[in-house]
Amino acid sequence: MNEINLLPDDYIKKRRRKPKKILKISLAVAVVILLILLSTTVVNRYQQLKTVTAHANKIYNEDLTPLLKKEQKLRETERDITQKYNLFLELQNQKTLLSEILLEIAQLTPENIQIKNIVISNDKSIVISGQARSDTDIAQFMVSVGKAANFRDINLNHITTEAGQRGDNLFTFQVTFFVKEKGGI
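Using numbering that gives the first Met the number 0, the first residue of the sequence shown is number 0, and each one after it goes up by one.
There may be inaccurate statements among the hints.
Only pairs whose alpha carbons sit at most 30 Å apart, straight line, appear in this in silico BS3-like list of lysine-lysine [claimed, not checked]:
| hint | residue 1 | residue 2 |
| --- | --- | --- |
| 1 | K83 | K69 |
| 2 | K49 | K69 |
| 3 | K68 | K57 |
| 4 | K146 | K115 |
| 5 | K179 | K146 |
| 6 | K23 | K49 |
| 7 | K12 | K23 |
| 8 | K123 | K83 |
| 9 | K123 | K179 |
| 10 | K69 | K57 |
| 11 | K72 | K83 |
Keep in mind the hints are simulated off the structure, nothing from the lab.
Can you make the complete structure from the sequences, with help from the hints?
Here it is in structure tokens:
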């Protein structure tokens, strides 16, 4: 048996195209809705990121920047203190105090010698003028100064003899020597 189609051919073609057309329109609408939802999500994420970034910048500017500046100042202060401390240690190792020099001279001076004058120059030379009852006391003083660890180049500049009050001789002398190089006096 043969089928007889009473429907016109145009109608049949339209009927066949209609589901394809609806599918294409539905698919296009779905893609548009998906793009709208996706763009809304992206915009919301961007706004959240922008808000978080603004908050982080605010925290950084208000809280961390002053702390970083304080840290930098503290590091500069620490560096300055370290430099000054190292300089202090260097100078401490190199210096010879005048009080130490005078104390050592006092310890090296025999009892029979009277020191009248001590001159300490910038070139670290020391000139001592004094009086003694005998020339052996002067020699003993020079030997003691020569053996001292802090002094060098001991020279007797002059020695004179005068009559003392008790009838004995009184020797007036002048000795020059130098402080050994350790740093500033």
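Against the structure, the hints:
With a C-alpha separation of about 21 Å, the suggested pair K83 and K69 falls inside the 30 Å cut-off, and the hint holds. With a C-alpha separation of about 29 Å, the suggested pairing of K49 with K69 holds against the 30 Å cut-off. Proposed proximity of K68 and K57 is supported: the alpha carbons are some 16 Å apart, at most 30 Å. For the proposed pair K146 and K115, the alpha carbon gap of about 22 Å is at most 30 Å, so the pair holds.
Restraint check for K179 and K146: satisfied, since their Cα atoms lie roughly 12 Å apart, inside the 30 Å limit. Under the criterion of a C-alpha separation no larger than 30 Å, the hint pairing K23 with K49 is inconsistent with the structure, at around 38 Å. Of the pairs offered as hints, the one joining K12 and K23 holds, with about 17 Å between alpha carbons and a cut-off of 30 Å not exceeded. With a CA separation close to 26 Å, the supplied pair K123 and K83 stays within the 30 Å bound.
Taking the CA atoms of K123 and K179, the gap is near 8 Å; set against the 30 Å cutoff, the hint holds. Note on K69 and K57: the hinted pairing holds, with a Cα-Cα distance of about 18 Å set against a maximum of 30 Å. Taking the CA atoms of K72 and K83, the gap is about 16 Å. The hint holds against a cut of 30 Å.
Against the hints set out earlier in the document, a violation occurs for number 6 only.
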